[in-house]
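Student: Chain by chain, the residues run as shown.
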Amino acid sequence: MRVIPSQDERDLAAMCRGVLAADLEPDAQWKALADAGVLGLPVDGGLTDVGIFCVEAGRALCPRVVQSTMYAALAIDWLGVGSDWLPRLTSGDARGTYALFDPRDASVGLPVSGAADFVTDADVADVIIASTSSGVMAVDTSTGVSVEPVATMGGYPAFSVRFDDAAAGVDVDPARLRRLTNAIVALDCLDLVGVGEAVVERTVEYTKMREQFGRPIASFQAAQHLVADMHIALAAARLAAQSAVFWIGKGRTATRETAVARMRAAEVKKITLDAHQLHGGMGYVVDTGLYKFSERARILSTLGGGADIAATWLENEMNWKPAR
Amino acid sequence: MDFELDDEQRGWVDEVRQFLAENVTAALKAEMAEHGLEFQGGELTAFRRKIGEKGWFGLNWPTQYGGLGLTPTHQHLLMSEFEYAGVPGPDLTVTSIAPMIMRHGTEQNKKDFLPGIARGEIVFALGYSEPNAGTDLAALRTRAVRDGDEWVINGSKIWNSGAQRSTHEWLCVRTDPDAPRHRGISVIAVPVDSPGIEIHPLIAWSGYRTNETFFNDVRVPAANLIGEVNAGWTYITGALDLERGALTNAGDLRRALDDLIAIAGSPEPAFRRRLAQAEADVEVAKLMGYEAASLLDSGRIPSIEVSVEKIFTSELRQRIADLAIDVLGPDGLRVGTFFERLYRVSPLMRFGGGTNEVLRDVIAQRGHTMPSYGR
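Line order of the protein sequences matches chains A and B.
In case it helps, my numbering puts the first sequence at residues 118 to 441.
In case it helps, my numbering puts the second sequence at residues 7 to 381.
Keep in mind that a hint or two might mislead.
As the list claims (entries may be wrong) - Straight-line C-alpha distance at most 16 Å; calculated EDC-like pairs for lysine to aspartate or glutamate:
1. A:Lys409 to A:Glu314
2. B:Lys117 to B:Glu127
3. A:Lys367 to B:Asp265
4. A:Lys438 to B:Asp264
5. A:Lys438 to B:Glu274
6. A:Lys367 to B:Glu10
7. A:Lys367 to B:Asp8
8. B:Lys292 to B:Asp264
9. B:Lys56 to B:Glu10
10. A:Lys438 to B:Asp265
Since the hints were made in silico from the structure, they are not lab data.
From just these sequences and the hints, can you work out the full model?
Tutor: Printed below as a string of C-alpha cells:
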C-alpha cells in the first residue's frame, strides 16, 4: 500500500498536462495525443494510467472524444468484441464511443435494443461499442446508423443513435460488463477531480487578486473556509476515485468502490457552484469561462447516474441482516 | 498508487488482530466500561504492559532508540485495529511526542526519555492550552525562568488531559517574554510529582476527565528543556501535526458503523440511504488514513493532509452519532449504550487538537497561500 503517486505516474501526468496545455486546434490536439501514446494507454498502460490522463483531461476541458475513444478501446480489449478496431482506435486512425449502459443508471443495461440515447460523440465516432439484447457488438457507423443530436447543456456532444442489432453480438458475462461500466464511471470521476482541481486553483487565484474593503477577498475567513471545504471535498473525491480505478484495474468489479467514487465525485458540482459564489459576477460572465467547468461537472455527474443512483449501488453491496 | 496491503502488511494486521483477540478480554472491557482509562493497577495496566512487551510502543521508532524500526504504515494499521477493538493503543506520548524528541531533542533528552517511553513507563500529558490561550495557543503566558541549573515555572494549564495518570508534562512555556510571541516559547519536560504542581479535575459532558493544572515555583533541572531554548513553537506544531494524524484513524468509525448497521437490521429506505452515505464516508476516511501513512513513510509530515483528515473524520463522527440515535429512536437514548455516549463524546474531536475552524484556515493559508487575516 502506497497511496501517493509514483515518479512514473507523476511523469505521465506532467506529459499529459504538457500536451493538453498546448493551444492546438482539435484535430492537431488529437494527433498530438496520439503521437504521445495517450490513445494507446487503454492497452499499453494500466487502468491507473488511463485515470491519470482523465484527471488532466478534466483540468484542461479536453474534448470528450478522446475519452470516448479510449473507453471504446477498453471495451474492445476487455470484452473481446470488434478486435479489428482496436489498433485503429489506439493509434488515432479512428474514433470510437460506447453505448453500454442506461445513461440514467450505469448499473442497468440498455433498455431498448437497437436504440440508445445520450451517446457521447456518436457523430464523429467510426465505431460504437454497444450492449444490446443480442449481446455486445461493435457497430460500424458507416453502415446505416442513424445519429440525431440531443441539444444538451454546454453543447455537450450527446446523440440519439438507432442501429440494426439483428447481427449476433457477443454474449458477455454480466459481471464482466459491470466491471467495464464501473471503469467508465470511475474514470469519469477522475475527470471530475481534474475539473475540481482546476476550479479550486482558478478560484484561489481570483480571490487573491480581487480586492474589496481595501484587502484581497482571499483574506476573509468566510472565503477561506469555502476554499477549505472545496479542498476537503476534492481530497475525498480524488482518493475515492483513485481507489475505485485501482481496484478495477486489479481485476475486481469493485462496485462498492465505484459507488463511493461516484457519490464523492458528485461533490465537484458543489465546488463549481461555490467557485461561482467566490467569483461573483466575474465568474458569471461567459468571458472568464468558469461556466465551462461548471457544465462539465454537472454533466459528468449526471450521465450513468448521480450520487443518489450510486447510493443505491452501494446499498446493494451492504450487509443488511435481520436485526440481532 | 497502490491501495492494496502487501503480504507483509496483511501479516502485520493478522498479528495485531491475533494479539487483540487474545488480550482484549471480557474483564478488560468490563473495567473500561466502569472506569474508562482511570483504573490503575488492573486489567488496563496489564494490557498496556503486554503492548510494551511486544515493543509496540516504539514500533516505528528507529532501532537505535530501542524501537522496532517499522514504518508509519505499520503504526497506522495497528492503531486502526486497536480502535476497531475499542481499546487504547500507543498514545500521543509515543506517536507525537517521542518523534519530536528524536527529531529535535538533545542527546540528553533522548537518553532521559525515549527508553522509558518505549517501555510504557514514561507517559506525557500535553500542557498546551491556558485559560487565555486556547485556539490562540501562541498567547500562552506560563513562564519559565532560568535559575542556575534549574528552570522555575509559574502559571497554569487547562484541558491538561491525563495529567492524573502521567509521569510528565510536555509543558509549553514562555522563556522570552520580549521576543515575538512565536519565538519566545520553549518546551520543558516536567515531572508531574514535582513540588508546586496542583491538578484540579474538570469533568466533560461525555464523562471524560480533563484537568486544570497549576504550577507554583516548580523547579526542574535545566536539562529537561527539550531541544533548544525559544525554539519550542516548531516542536509544538510538529507534534500537533503528528497528533492530528494519530487522531484521525477511522478504525473507531468503521466499528461504530458496523455495529450500527448490525443493530439496524433492515432499516427504512430513508435510513438505509443515510447509512450508505456514512458507509461511503467511512471508506473515504480510511483512504485518507492510508494517504497520511504513505506520506509519513516517504519522510514527510503531512500537515495539510492531516488537517483535511481531522476535519473530515471528526465531523463524520458527529454525523454517525447523530444518525445512530435517529435510526435507533428512543432506544438510542438509553444510558449505558454505545451510541448514547458517542453522541456526547463526538464534539471533542471537532474542537480538540486544533479547532476545525483553525484547521480550515490552515488548509487555505498553508495549502493555498491565501493571506492571513491577522491571526
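Student: Take the C-alpha atoms of lysine 292 of chain B and aspartate 264 of chain B, compute the straight-line distance between them, and say whether it is at most 16 Å.
Tutor: holds (14 Å)
Student: Between lysine 117 of chain B and glutamate 127 of chain B, does the CA-CA distance stay at or below 16 Å?
Tutor: holds (14 Å)
Student: Given the hint that lysine 367 of chain A pairs with glutamate 10 of chain B, test it: the Cα-Cα distance must not exceed 16 Å.
Tutor: holds (10 Å)
Student: Please work out if lysine 438 of chain A and glutamate 274 of chain B have their alpha carbons no farther apart than 16 Å.
Tutor: holds (13 Å)
Student: With the threshold set at 16 Å, check whether the alpha-carbon distance from lysine 438 of chain A to aspartate 265 of chain B stays at or below it.
Tutor: It holds: about 12 Å lies between the C-alpha atoms, which stays within 16 Å.
Student: Holds or violated: are the alpha carbons of lysine 438 of chain A and aspartate 264 of chain B at most 16 Å from each other?
Tutor: Roughly 12 Å separates the two Cα atoms, so the pair holds.
Student: Would you mind confirming whether the straight-line C-alpha gap from lysine 56 of chain B to glutamate 10 of chain B stays at or under 16 Å?
Tutor: violated (30 Å)
Student: Is lysine 409 of chain A close enough to glutamate 314 of chain A, meaning Cα to Cα at most 16 Å?
Tutor: Since the Cα atoms of lysine 409 of chain A and glutamate 314 of chain A sit roughly 14 Å apart, the hinted pair holds (cutoff 16 Å).
Student: Just to be careful, I want the Cα atoms of lysine 367 of chain A and aspartate 265 of chain B compared with a cutoff of 16 Å; is the pair within it?
Tutor: violated (30 Å)
Student: Need the status of pair lysine 367 of chain A, aspartate 8 of chain B: alpha-carbon distance at most 16 Å?
Tutor: holds (10 Å)
Checked against the numbered hints above, the structure violates hints 3, 9; every other hint is satisfied.
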